[in-house]
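Visitor: Listed below are the residues making up each chain.
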Amino acid sequence: MTSLLSVRDLAVGFGRDAAEKPVVRGISFDLAPGETLALVGESGSGKSVTALSINRLVDFGGGRITGGTMAWTRPDGSTLDLAQADERTLLGLRGREIGMIFQEPMTSLNPVHTVGAQIEEAFRLNRGLEGRAASDAAREALDRVRIPDAAQRMKYYPHQLSGGMRQRVMIAMALAGNPRLLIADEPTTALDVTVQAQIMALLAELKAELGMAMIFITHDIGLVAGIADGVMVMQDGVVVEQGRLDTVLDAPQHDYTKHLLGAVPHFTGGQAVRSDHRRETGQQPAVKVDDLVVRFPIGGGWFSRDAGAIHAVEGVGFDLVPGETLAIVGESGSGKSTTARAILGLTEATRGAIVTSPGRHGRPVQMVFQDPFASLNPRLDVASLLAEPAIAAGMRVDAALRQRMVQLLERVGLPEDALSRYPHQFSGGQRQRLCIARALMLNPDVVVLDEAVSALDVSVQARVLDLLIDLQHEFGLAYLFISHDMAVVERIAHRVAVMYAGQVVEIGDAASVLAKPRHSYTKRLIAAVPGIERRRQRYDVDTTPVPSLIKPKGYEPAPAEWVTAGEDHLVRVE
Amino acid sequence: MNYLARRLVTFPLILLGVSLLVFFSIRMIPGDAITAMLGTEAGLLTPVQRQALAEYFGIDQPAVVQYGRWLWGVLQGDLGLSVTYGRPVLAIILERFPLTLELALLSMVIALSVGVPAGVLAATRGERPADVVVRILAMLGQSTPGFVVGLVIIYVLSVYFGFIPAMGSFASLWSDPLANLGQLIFPAVTLGFAFAASVTRISRASMLDVLSDDYIRTARAKGVPARSVVWHHALPNALIPVVTLSGVEFGYLLGGAVIVEQIFALPGLGRLTLDAIGQRDYALVQGCVLFIALNFLIVNLLVDLAYAALDPRIRLGAR
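Chains as they are written, first to last, in the working numbering: chain C, 175 to 748; chain B, 7 to 325.
Simulated from the structure, these hints should not be mistaken for lab results.
A virtual CB, placed ideally from N, CA and C, is assigned to each residue, including glycine.
One or more hints might be untrue.
Which bits of chain B does chain C cover? Going by a derived footprint, with three or more residues having C-beta under 8 Å, they are [as the list claims (entries may be wrong)]:
1) 223-231
2) 238-251
3) 310-319
Partial pick of chain C residues on the chain B-facing surface, computed with a CB cut under 10 Å [said to hold, decoys possible]:
4) Arg268
5) Asn284
6) Asn300
With the rest of the complex left out, here is chain B (with noise of 0.2 Å):
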C-alpha cells in the first residue's frame, strides 16, 4: 500500500513534465488554428475578426500565459475547448475511449491467448516442424505491417464471404454488443496478429531459457511428468518478460492504433490526436497526449504489480 502510495504521488509530476513538452513542443509546428480551420477563407477574415476568434480560443495570449491558463483549468478538471469541435476535450476524449480500450483488450487477449501457447509449444518441441512452423509464422506477424494484414482481411471477408461489417455509424458496446463486437473483431485480430507474434517470440525465447534451469533439472529428477513440468514449474517463471512486452503493447495501443483505427474506419483515440494535430487543435492535442500519458503509468503501475504477483522475489518498494 505504502508503495502504491509512493507511485501515485510521482503521477502528478510526470505529467506535469509531459504537458509543458507537448505545450510548448506543438507551438512550435508553423500555422495557426484559424487558418488550420477554415482553410483558404481565413483570408477573407478581417484582423478584427481573426483577433475575436483567438481571443475566444485564448490562443491571442502569450504562451505561456496560455499554459498557465490552461494548468489551471486542467487542476480543476477543464481541459479546454477544440477548436475542432467547439466542444470540451474532456468530453471528446471520453467519448473515443471506450472504443481504444476496447479494441486494445480485445487484441492482447488475441495476442496472448494465442501467443503463450504457441511460444510454449515452439520451446519444448526445439528444433521439429511444430517449432519452425510457429517461428516462421511469428516472424511474418512481426515483419507484416498492419495494414496489410488489415486489408487482407476485409478483403477475404468481403469478396469471398460477403461479410461487410457496418462501417460508418459505430455501435457502442452498451447499445448494441453484438454489432460492436462485429465491427471490432478484425481490426482487434489485425492489432492481435503482430502482438501475438512478438509475445510468441518472447515466451518462447523466454520459456526455452526458463527450461534449462536447475529447478527444472530438479523436477525432473523427482518424478514431475513433463506436462507438469511445463506448465507448472517453467511457465510462471518465464511469464516475467511477456508481462514486460505486454505492458509496453498495451501501452501503446491505449494510445490509440492510427493506421489500423483509420482503415476500418474506427472513432479512436489515435486518429482524433492525428487529426488534431492536423488541425493545430491545441487543447485536443494537450488533451489527449496528456491522456495517454496517463494511461501509460496506470499501464507501467499494473505491471510492476503483476512482476510481484508473479514473483515472490520481487518485493515492491524495496530498494
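Next up, chain C with everything else stripped away, as it sits in the complex (with noise of 0.2 Å):
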C-alpha cells in the first residue's frame, strides 16, 4: 500500500538561528491511510513541534522548516511536499484533508462565538455549505460525536460546556472536512479519567468508521497502548525508537524507551498496594470527619432572594490514624479538593465536625499544593519561604528553626546552599519538595496533598512519591492524598474514598476498593484507566452524564445507606 504521508529527514528551527539550531531534527516515518502513529516523549521532546510541521501551523508560531521532505498524498493521487508547499495550497488542505485537535479543550475554542457557528463555518470553508446546510450539517456532526440535544447545545458558548463536551466539539469541528489525516495533540491530557475514555472511544470509533489515519501525540505510554498501530519515541528533538507498537512495548531498545516504560506508575487493579501499615483497633485518629457539608449560594443579591446552593460536598465522612495514607479519588467537580480545603479551615464547612488530635504544634494539618510553579512566592528565596508556616504560627526565626530548614532540605533531597537560592532556580521536581519541607516545618501530624503530584513529568513524579513515603515512615504522618490518578493512588494509599458528585460512594482498603470496585461509579472509573497491559482494547463509548450540584433552597438529600462489602470496605447503596 502507498502511504499517505511519508517524512524523510525533517528538521525544524526557531527565530534567527533556525537552521543551525534546530528544534526538531532528522525525523522520518512513513504513515499508511487508516494507520495511527503514536509520537511518545516527556515534555520538550519535540513532539508537538514535529505534528505541527505537518500542517506547517508550526510557521505562525515563528518556527521555520529547515532540512527534508514530507510527501503527502493527495486525493487525486498526486504527491505534494508539505515542507515546501506554499501558504495558498496549505489553506485549501488544513481541514480538508488534514484536521487537528488540540491538548486545552478550554482554550482551544473561540470564547466569542458559539459553538455551532464554530462547526459551521468549518462544513463552509472545507465543504461549501451554505446557511442551512451547514447548520443541518454541523447538528448531525455533533450528534455523531454523541453530545445529547445537539439541536440545543449549537446555540451554547464553549465556557457553558464541560470539558469533555468541548474536546467533543473540537474533534466534530476538525471531522467537518472529511480529512484523511487526523493530528491529536495530547487531546486528553487536560481531561478527566472517565472523559478520556469516553475520548479515546469515540476517536476509535471514528476512526474506524472513516478509515481515516492518525497522529496521535501523548506523554502517556500507557494510552497508546490502546489506540496505535506504529510509536515513535522522542527526547530531546530526536526520535530515539520507532517501531510497531508491540516491539516497542514488549522489547524496548533504547534506554530512554526503556525508562519511560519502567517509570510510568502502571495500574494493576489493587496488586501493588502498600502493605506497609495496619490499623489497630481503639487507635486515636490523627483526623476525623464526620457528615462534612459545604454549601455554595448561588444567585442573591441586594434584590433578589437566594435561588439554591451548589452542594460541593455532601455528608462526607471519614477518618485517618497516623502513619495511614487515606487517598480521596475522583473527578474534577467530584468535591474532593472542597474537602481538603474544608478540613484545613481555607473554606467554611456548612456543617459538620472535623476533629484534629492536638497535635506537636498546635497546627496539626498543612498542605501542599498541586502546582509547585504557582505556590512558591517567587520573591522570597527559600529560607524565608520555609519560615513562613513557623512566622505564620508566632514563632520567632532563630537558630533552632534554620537548624530545622537545613534539616527538612536534606531530608527531602536538596542542597544546603538551596537556603539562600529562590524558586525560579529550582525543577517542578524541586520545587515539590521545596513545598513538602515547607508542609512538615511545624512538625504536622496530617499533610494534606492536594493532586501533589500531577503537575510532575513521569520520572520525576515517582522519585517524588518515594520520599513521600519514606517522611510517612519516619515522621509516623498521616496522609490525605488527593488525586485523580489511579495508579499513582494504587502506590501510595493504604485506604481510598471513591468521591462521586459531592458525596463519598465507596471506602475502605485499598487493595479491596481497587481490586473488588462495588458501586458503579468505581467501576467506571476502573475501568477507564489505560495501561499497556490492556492493548488495543475496545472502551465503550459511555456518555452518563454527572448529576448536578445545583440544588433547590432547602434541598436535602435522603441520608446515605452503606452495605460492607468486606472487613473494611464500605459501599454506598444506589
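Assembling the complex is the task here: the two chains are given apart, and the hints tell you how they should meet.
Guide: If you want it as C-alpha cells, here you go:
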C-alpha cells in the first residue's frame, strides 16, 4: 500500500538561527492510510513541533522548516511536498485533508462565538455548505460525537460546556472536512480519566468508521497501547526509537524508552498496594471527619432571594490514623479538593465536625498543593519560604528554626545552599520537594496532598512518591492524598475513598476497593484507566452525565445507606 | 435589567459623595466670589453692600448650611445661581454641553476608525516596515502635547491653505451644521490624534496577545483564511481593552478638553469649569463637577454593557 504521508529527515528551527539550532531534526516516518502513529515523549521533546510541522501551523509560531521532505499523497493520487508548499496550497489542505485537535479544550475554542457557529464555519470552508445546509451538517456532526441535545447545544458558548463536551466539539469541527489524516495533540491530557476513556473510544470508533489515519501525540505511553499501530519515541528533538506497537512496548531497545516504560506508574487493579501499615483497633485518629457538608449559595444579591446552592460536599465522613494514607479519588468537580480545603479551614463548612488530634505544635494539618510553580512566592528565597509557616504560627526565626530548615532540606534531598536561592532556580520536582519541606516545618500530624504529583513529569513523579513514603515512615505522618490518577493512588494509598458528585460512594482498604470495586462509578472509573496491558482494548463510549450539584433552596438529600463489602470496605447503596 | 437597576441605585450615592468633596474642597481655596467678581473695586464696597451681595448669592451662611440649602435645591433640579453669569447654573451647563459632547464623539470616532485598523495592521505585520511606522506614529501621538498638534494644525491651515475657521461666534449643530463641523473638525482631529495613538498601541498589544491564543491556532488548523482569522476570530476577542481605554478617554473628554478649547476658542465645558474655579463661582464649579461625575458614571455603565455584548463569558450581575 502506498503511504499517505512520508516524512524524510525533517528539521525544524525557530527564530534567527533556525538552521543552525534545529529544535527537531532527522525525523523520518511513513504513515499508511487508516493507520495510527503514536508520538511519545516528555514535555520539551519536540513531539508537538513535529506534528505542527505537518500542517505547517508551526510557521505561525515563528518556526521554520529547515530541511527534509514531507511527501503527502493528495486525493487525486498526486504527491505534494508539504515542506515546500506555499501558504495558499496549505490553506486548501488544512481542515480538508488534515484535521487537528488540541490539548486544551478549554482554550482551543473561540470564546466569543457559539459552538454551532464554529462548527458551521468548518463546513462552510471545507465543504462549501451555506446557511441551513451548514447548520444541519453541524448538528449532525454534534450528534455523531454523542453530544446530547445537539440542536440546543449549537447555541451554547464554549464556556457553557464541560471539558469533555468541548473536546467532542473540537473533534466534530476537525472531522467536518472529512480529513484523511487527523493530528491529535495530547487530546485527553486535560481531561478526567473517565472522560478520557470516552474521547479515546470516540476517536477509535470514528477512525474505524471514516478510515482516516491518525497521528496521536501523548506523554502517556499507557494511552498509546489502546489505539496505536506504530510508535515513535522522541527525546530532545530526535527520534530515539520507532517501530510497531508491540515491538516497542514489549522489547524496547533504547534506554529512554525503557526508562519511560519503567517510570510510568502502571495501574494493576489493586495488586500493587502498600502493605506497610495496619490499623490497630482503638487507635486514636489524627483527623476525624463526620458528616461534612459544604454548600455555596448561588444567585442572591440586593434584590433577589437565594436561588439555591451548589452542594459541593455532601455528608462526607472518614477518619485517618497516624502513619496511614487515605487517598480521595474522583473527577474534577467531585468535591475532593473542597473536602481538603474544609479540613484546613480554607473553606467554611456548612455543617459537620472535623476533629483533629491536639497536635505536636497546635497546627496539626499542613498542605502541599498541585502546582509547584504557582504555590511558591517567586520573590522570596527558600529560607523565607520555609520560615513562613513558623512566622504564621507566631514563632521566632532563630537558630533552632534554621537548623530545622537545613535538616528538612537535606531530608527532602536538596542541598543546604538552597536556602539562599529563589524558586525559579529549581526544577518542578525540586520545587515540589520544597513545598513538602515547608509543609513539614511545623512538624504536623496530617499532610494534605492535593494532586501533589500531578503536575510533574512521570519519572520525577515516581521519585517524589518514594520520598513521601519515606517521610511517612520517619515522622509517622498521616496523608490525605487527593488525586485523579489511579496508578499513583495504587502506589501510595492504604485506604481509598471514592468521591462522586460531592459524596463518598465507596471507602475502604485500598486492595479491596481497587481490586473488587462494588459501586457502579468506581467500576467505571477503574475500567477507564489505560495501561500497556490493555492493548487495543475496546472502550465503550459511555456518556453518562454527572448529576447536577445545583440544588434548590432547602433541598436535603436522603440519608446515605451503606453496605459492607469486606472487612474494611463500605459501599454506598445506589 | 436587574443589573441596570442595581447600578442606577448606586448613582445618587456616588454623586452625593462627589458633591460633598467638591463643595468643601473648593471652599478651602483662599478668596471669595465677590472679590473675584469685582476685583480691586471690591475694596470700594461698604460692609453693608458686601453683606447684601453675599446674602443675594447665599454665601453669607456657614458652609454646612450652604451645603444643605444647595443639596435641597439640587434635589428639586435647581443647581443654584452662577455668581459670574447671574443665571441658573443648569442652564449654562446645558448650553455648553452639546459642544463638548459633539467634540468628544467626533474625537472618539476619529480615534477608533484610525486606531483600531492601525493597531491590527501593526500586529499582523510584526517587525516589518508597516508595524514600525505605525508604532513610531503612535509613540509620537502619545508623547506630543495636544496644544502643539493644535497649533501646528492651525498654522498649516492658515498659512498654507488660507483657511481660517470662523472663531469667536460658535455655530451650533442645529443652526448651521456645516459651519459647526468646520469649526469642530480641527479640534476633534487634535484630540483624536493622541486618543488614536493610545487606541493603536492598545489594540496592537491586545491583538498580538490574542493572535497567540489557542483558538486562533484552531481556526488556522481548520483552514480559515488569514483575513478572517484576524477580523472574525481575533478582533472580537481583542476589543475588551480597547473598550476600557475608550471609556476612560471619552469620560475625560466629556469633562471638557481645556487646552484644545482654549486654543480653538470653543465655548465648552472645560473652559467653563476652569473659569468658574478662577472666579470662585462656587455654584457653577459644583454644578460642573457634579455633571462631569454623572457623565463618567453613565460612560462606565455603557462600557460594562459593551463588555457583556462583546464577550458572552461576562454575565452582568454575576458575583
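Visitor: Indicate, hint by hint, whether the structure satisfies it.
Guide: Okay, the hints, checked on the actual structure:
no. : hint    : result
1   : 223-231 : holds (count 9)
2   : 238-251 : holds (count 3)
3   : 310-319 : holds (count 4)
4   : Arg268  : holds, 4 Å
5   : Asn284  : holds, 4 Å
6   : Asn300  : holds, 6 Å
Of the numbered hints given earlier, the model fails none.
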